[in-house]
Every structure is written in structure tokens, then in C-alpha cells.
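J.: These are the residues of each chain, in order.
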Amino acid sequence: MRLDELPAPVPAHIDTAGSATARQPLARRFSAWLFRDHGAEPTPIVLTQRRVFVLPTRAGLAFAGALAAMLIGAINYQLPLGFALTFLLAGLGHSAILHTFRNLARLEIEAGTAAPVFCGDPARFTLRLINCRSNARYALQLRSAGALARIDQIEPQASSLAEVLLPTQRRGWLGLPRVTLETRYPLGFIRAWSYLQPDMSVLVWPRPEPAPPPLPWGSGSAGGIAASAAGRDDFSGLRNYQPGDSPRHIAWKAAAGGGPLLTKHFSGMQAGNVVLRWDDLPPQMDSESRLSRLAAWVERANAGGIVWRLDLPGCSLGPGEGIGHRNACLNALALFGQPRESA
Amino acid sequence: MRLAGSARVRAMWLAASVAVTLAPHVNTLPTWLSGFAALMLLWLCWIVLHGLRLPPRWLMLVVVGGAVAGVLLTFHSPLGKDPGVALLTAFLALKLLETRAPRDGYVVVLLCYFMQLAQFFANQSIATAGLTLLGTVVTMATLITLNSERLGTTERLRLSGLMLAQAVPFMLVLFVLFPRVDKPLWGLPSDAFGGSTGLSDSMTPGSISDLTLSGAIAFRVRFDGFTPAAAQRYWRGPVMNDFDGRTWRVASARMLAKVPYQVSGPRTSYELTLEPHNRPWLFALEMPGGTPDNATLMSDYQLVSRTPVRNRLRYMLSAHTAVRPGRSEDAAILEAALQLPPDFNPRTRELAQSLRSENADGAALIAAALRHFSLSKFTYTLSPPLLGRDSVDEFLFDTRRGFCEHFASSFVFLMRAAGMPARVVTGYQGGEINPVDDYLEVRQSDAHAWAEVWVANQGWLRADPTATVAPSRVQGGLAMAVPEGEPLPLALRPAFSWVREIRYRLDAVNNGWNQWILGYNPQRQKELLERLGMQSPDWHTMTIAMSVLCGLIMLALAGWALAQRGRLDPLQRAWERLSQKLAPAGLARKAWEGPLDYAERVGLARPELAAAVREIARDYCGLRYGAGQPAAPDKAARQLVSRINRLHP
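One line per chain: the protein sequences are V and F, in this order.
Residue numbers 5 to 347, in this note's numbering, belong to the letters of the first sequence in order.
Residue numbers 6 to 654, in this note's numbering, belong to the letters of the second sequence in order.
Calculated from the structure, these hints are not laboratory results.
Only some residues are given here: those of chain V computed to face chain F with a beta carbon under 10 Å:
id	residue
1	Q53
2	Y81
3	P84
4	L85
5	F91
6	S99
7	R188
8	P190
9	F193
Even for Gly, the Cβ is constructed at its ideal location relative to N, Cα and C.
Given the sequences, and given the hints that come with them, work out the whole structure.
T.: Right under this line is the structure:
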């Protein structure tokens, strides 16, 4: 699908954007200032030195402790070469700070693809890390909300792709949360990291109902296409009633005889036009179940090569067919009832 | 846990770190422990090469227990420097077989650093420093491997070399400016020092000739005044007064508050750098005109330091080569200098009596005794025959082959038997000027023993029977004096003059190392800083200077780290230029526009360029994103760049 068919996403973390108001505690404002936590930012993001933070790791602290012990040993036993070794290692520690910093600084991050997914499937955010330097970069890690991606190497003046997989729980826009890009290369004594929040969102479609009832042929009254086609089809059998089956297709005679509620099935259902209508769904269904069912129907209709129309309160899509129409319908379902985006 | 490919690379690097770190310790560690460590290393290599599992934890516990028990059995105590180093060695070797997580790798490397420091207890030579540097490079490369498996071996080593080069300025600044203290911060374990060679406080036949087999430097001297002739260079050490028939021992002596003799005659001054020998005495050219700090002159004119010389020690002294001390000597001292064990060496006593009766004057008696030595056919040799109970008798009348301790011992015995107060003085004689740096080098092979006889109204006179028997010994050194074929140190043999030449150079380098690196103590630090223009350097100013210089180095290196503007490669630059060329026509590339889309848009707007631009865009995509890179990407890129340059919209 093409991304430009998507409606523009709501800026992620709209609640934190421009949030350094006087009501916040000082520490949080300081942290927001220090780490430039100002919400989503447009890409490409360049990790300037102001954005790269450096602190020792636990191994680095152990190294510093070892150096202190070695210095005391050198003083106490009057070992000139002990001094020299300790000072050399201290210099190496400093050099490690620079190399670790350098491994991250001036890296560029571009937003890659962020294709829509069904709710429950992992959202896949692709970031392109661009190394404009003439030295390779090694051993970078990308973390975001518990997800972890490793980038072993970026060649000089080349780029690598990193994928962040995030779980999805709700339909609608899922913004990429704050990403921590970090490295401990080369010695592991120092951790350099940077916080960034590329302006990326994945549209999460409603999860299709696992076993939906058959497509609602000819139900409703709108548009004559579906209604005119459905009536002439041949009766092909009965099956168990499922919530949402049109009352017109229920085998009332069988039901009146004390039997189970059955729905009449017509063979012509595979070839005609379908209207998927929010309002025709049984009134006891909540809106998320309705969206789930509609999503499942859209998928089924698309798979069957059928022309369909989706009627939602306040918007109607189609009739149409094919992957583009399917995506448009799923997008509409994903965003149904959510605030109209401003962007 | 079976080792995966990357874990195997890590394990091999860790093994290399440990091997390089432990190799210099082989000399000092107990043999079984060196073998044990080597075994552990081989075990790990076996595991890695065959892709086996690391040994189970219980097995490692058993081996750890065994190693600890072995160390305790060897040293009888877990405390002290040597057992500590031994335990560290065992743990390091074992930890290697237990590196499961990356954290364990860091533990191994940090232990390696401790072991690299520990090797300086035994040896701080240039070679050790070189080995340590190698160890540092390998451990760095190991740390890099722990963090990234993508680099090749040369890249790892190159990066560690680069980091090392960046660390060296820090090391130099800190080494020069870090305030040094003279005393340890707290008491050291009793075994902190040991195993140094040098003269001892007793002398038996053979003790000095054993010492002369060592070519090691005893001390170095830089003369400020004139350099006395070789035959005048008697470096006074322990004075032996007590004799039990076989062994001469240092007697207890009083401390003198000041130099007891009148100094007059030729005077020279010098700076002496004494190698640590773990004994309190200092060496001084006869006779010293004063005492260094923290040292006193004893009543037998021996210089003794308050603490054993455990570090290389530098002191300034003056010498008065013509002074004869002790003109008014204590009666008790003279009495002690006449003591002889009874019932020893009857023949020598006889000879003494006859000399006594022939010479009434003390000086004449000494001359007659020396004459006896020169007339009897004595041989100066490094390998004298063994002597029995009456060692002096056997030496003087039977074997007549001996080294300086035989001559000095028998001469003093003879003098005492003749009623002259006499004593043995040990020390060094002669020494060699190193033509490379003009330092006088005095080696263990210059160890010597001579006699001192007291004559009324004249004081103590030096009498060296060795000089009488083998004059070349005191004029030209040991190599000139001993017969050919004696087991001299290689460099002392005349046939190996080129060895001598090399040795001079090496010794000069070593001396520089000792003077400036190992001998960099508070005094030298002060001297150097004053010479560099720092007025009255104390720890305060040194700390400030150190911080400022370190800050400057940090800034310089930070500048290097930041100096990496985002440079575009030529291909990218040419692609950007294409957009700039088309910009006047309103056809600049949009930020979001891919190359192919852009080419399409240009082609629609400017059909005459369509073919060329499409081709450029296609090739550009191929070079930049193409999965199948062309055989010669550089050449293809250059061609594309020139095609873009030739395009004239």
C-alpha cells in the first residue's frame, strides 16, 4: 500500500508535547530539558553532541575501582611502572569515553516504513541509521518500550535498517515511543546514549473477528446494487445462526417448529455486491466488536474478489474492490470514533 | 554450555590476554602453579578448538579448592605479597574456564590488570615494561571483542593501538606531575622485598667469588669532580671484624655523630645510584667526607642507612682518597681488631711471629707481609680449591690459589697474629666507565675484599694483598686478572669486545631508565619540575599543573572526536549537484522524493533530458541501494559522477 493514502497521524504523545509547564516538578522539567524530551521530532534526526550522553557502565565503575586500587598499590610499594601502568589505563579509560561518544555522535536517523497492522500483531517501525563518517560504527542498540534491536555494524558512509517491534493493543494510531539509542563500544566501560523520538506512527487496524458470520448479502436498503443482486440467488443450504445474520435469511419455519435458529445460505453470495453496514449489526454488539466484524468482512470480501461498500455512521466508502479499497476501509475502521486529527 | 562461534572468538582473546599477562610471572611463580596455569589455558584452547562444553561448576569448584590448597601448602599462609599473587594467578587461570557471561570477561580482564601490576614487584626492567604494553594492547583488543564481533584481528589491534597512543600523553603528564611520596601509605608485608644480590654481612671463602659471577650492576656513579684512577676506587662496604676460623662477620659498631677524621687532600664528589640490595649499608668511595640523608657513619667508617635499601637509592657524597682515619682510635676497637680464634692456623702464627721479630715498625711489617704474598707463587683464581679447618694455613702454604676473600682473610689473620690491629673490609673495587653516558658502572663482579691495618700515629692503612698478587685486578678489573678459561661473565671476556660494546649501550639505556623512570622519586620530581621552570613545586602546584595539562589533552582529544562533520561521499555529492543543476528550472528534488520518482518528474517536464536523467537515476539507485553491487563499484561511481557533471540542462 502507499503511505500517502493514509490519513495523517495524530502526533504521538500529544500529552507530553510542549509540556514543560510551571506546574511540573523541577526535577522532571530539568530532565525534560536535559534529555530534550519534547515529543516527536521530524526526521532526519542528527545526533549532535548536545544529544549524546555518556556515563560509565558497571564494568566501567569496576575498572575505575581497580585503577584506584592499583594506584594505591603503586604508591605503597613504590612501583614507578605501577604508576605508569595505572596512568596509561586511566588514559585508555578517557580514550574509551571519546570512542564510545564518537561511535554514536553525528549519527543520522531517518524514519523508514511503518506499515499498518492488525491489532494484536506487532507494529513494525523501521528506522534507517545513516553513518556519514568515514569510519564504521559498531555495536549499537536501539530500545523502545521494552523492544530491543541490535545493529552490529554500519559501514562508513552507509546506512543500516533497524526494526523496532512493538506490541499493539488498541486500534488507531500507535506512535513510536521515545527510543533510546545506545552503544558501549569499544571497551564496554562507557555507555553513550541518546534519546530520540522520530515522528513515526503505525495505524493499528481493528483485529478481524476470528470466525465472522458470512457476508451480509443484500441486507439494508441503501444503494440498489447489493439488494437487487441478492434476491435472485439460489438457495444452497442452511447453517447455524450467528449474531448479525440478516433476519430475512433466517429459516423462520424451522425455528417455529421448535428447531434451532438456522440461517438460509444462498450460493450467489460469492459473486454479487455487498454492503457492510454498521447500523445493520445487532444492536447488542459494542462498537469494538462491530469494528472487528466489519474488519473481518472487509478481509473476506477482499479475499473473495467482491465489490463492497462500507457504511459507517458519518462516512461511506465504496462501492469498490481491491487492496486500495480494503486499506481505505480498514483505515476508516481503525480511526472510527477517534478525534479528527489536526495535522 | 556449548560455545557458539562468537563465544569461541571471545574465549580465545581472553586466553591470549591471560597468557600474555601470566608469561612474565613464570620466573617468580612456584613451578607447579605456572604449570597449572598453562594447563588451564591449554584446556580452554582444547574446548574452544573442539567446540566442547565448558567444564561443569562442581568440577571447577574442586579445581579451585585444589589450587587454593596448593598455594597454602607452598606459602604456609594466604597473607603477603607472594601468596596473594599466586592466588590471583590461580583464580585468573580458573576464571578463564568459567567465562559464561560477558560480565565474566570483564572480570578476567580486570584481574589481568592486577597481575600486570603485580609483575612489577619482581621486575621493572624495560623488557617488562614492553611486555606489559603488549599485554595492555591484547587486553584492549579483548575488551573490543567482548563488545563487537564484527572487527577483524588487525582492526582490533589497530584500534587498541590508536587508543593507546591517545592514552600516552595522559600517562606522561600524570607520571611527571602526580605528587610522589617517599614513604609507603601503610606498613608492608614482611616479604614485600627480597631476593636481591649483593654483599652480605659475613664472608666465607667462596662467598665473594660466587657474587662476582653475576654481571649485575651494584651501583652507578656520576663524578662531579675528578674521576679517581681505578686503583684508587675502593668502595667501602661492610667491615668484618669477627672471625671464627672460617667466617668473618660484621661486628656491632657505634654510630658516630659526625665524621671523626680531618678531611684534607684531594677531594671529589659524586652521585651514587645504588641498586636495591635489601641491606642497610651504603657504599662510599674511601673515605667519605660526610653522610647522606637518613644514613650514619659507624665507628668502623661504614655508612649505614636507617632502613634497608629496598628501592633504588640515589645519594650525593664527597670522597677524600688520601685520608687515613683513626689516628686516635678507641682502645676497645683496637682490642677487638686483634681477636683471633685460638688453636687455628699454627703455621700462620709462626710466620707472623717471625715477621714481627724482623720488623719493629708497623708500616715495615705490613710491607714485609705483602712482600711475602708477592714472592710466594700465589694464583688469583675464581675457582679456588676447597679448604679444610685451618683454612689460612692451607691457603698460605699449600694451595696458594684463591680469590680476594682468601687473600684478605689470610692477610688480616697474619696481621692480627703479628699483633697488629687489622680487619677485613668488603665492598667493590674499580668499576668501569660507560663511554656512552660516562657513568661509572660498578657490578657485582667488582665485589672485593681487602684489609685494613692500624698503625700507631698513622691510623688505619689500607692493604690489599690481592693488588700485590694480581695488580691488574685493581687496575683493570677482574677480567684482566684471572687466568684464561675462568668462568667469567660473558661480557667480561676479552674476546667478546663486541658484546662489551652492546652491553655499554644497553647499560646506558638501562641507566637512563633507572635514573628517570624507576628513580623518579620526590627529589627527582622536584628537580625536573624546577628545571622545567616551576618555582618551588609542591603537591598543590603539581596538582594544579596536572589538572590543567590533563584538561588540555582532554580538549584536544575531544576536538578530534568531534571533528567528524557529516561528509557526503562523492556519489552523494554528485547526486545533490544534479538537483542543484535542475533547480533553476523548478525541478529541485523534493526531500521525500526517491531517485526514480524524481527522474520521472524531470522526464515529464524536460523530455529532452528524460533518457539521460532516468539512466542516471537507475544507476544511482543501483550503486546506492542495489543488492548486486557492480564488480568495480568505485569505477562505476566515478563514471556516474562524470555523467552527472556533463549534464547541462
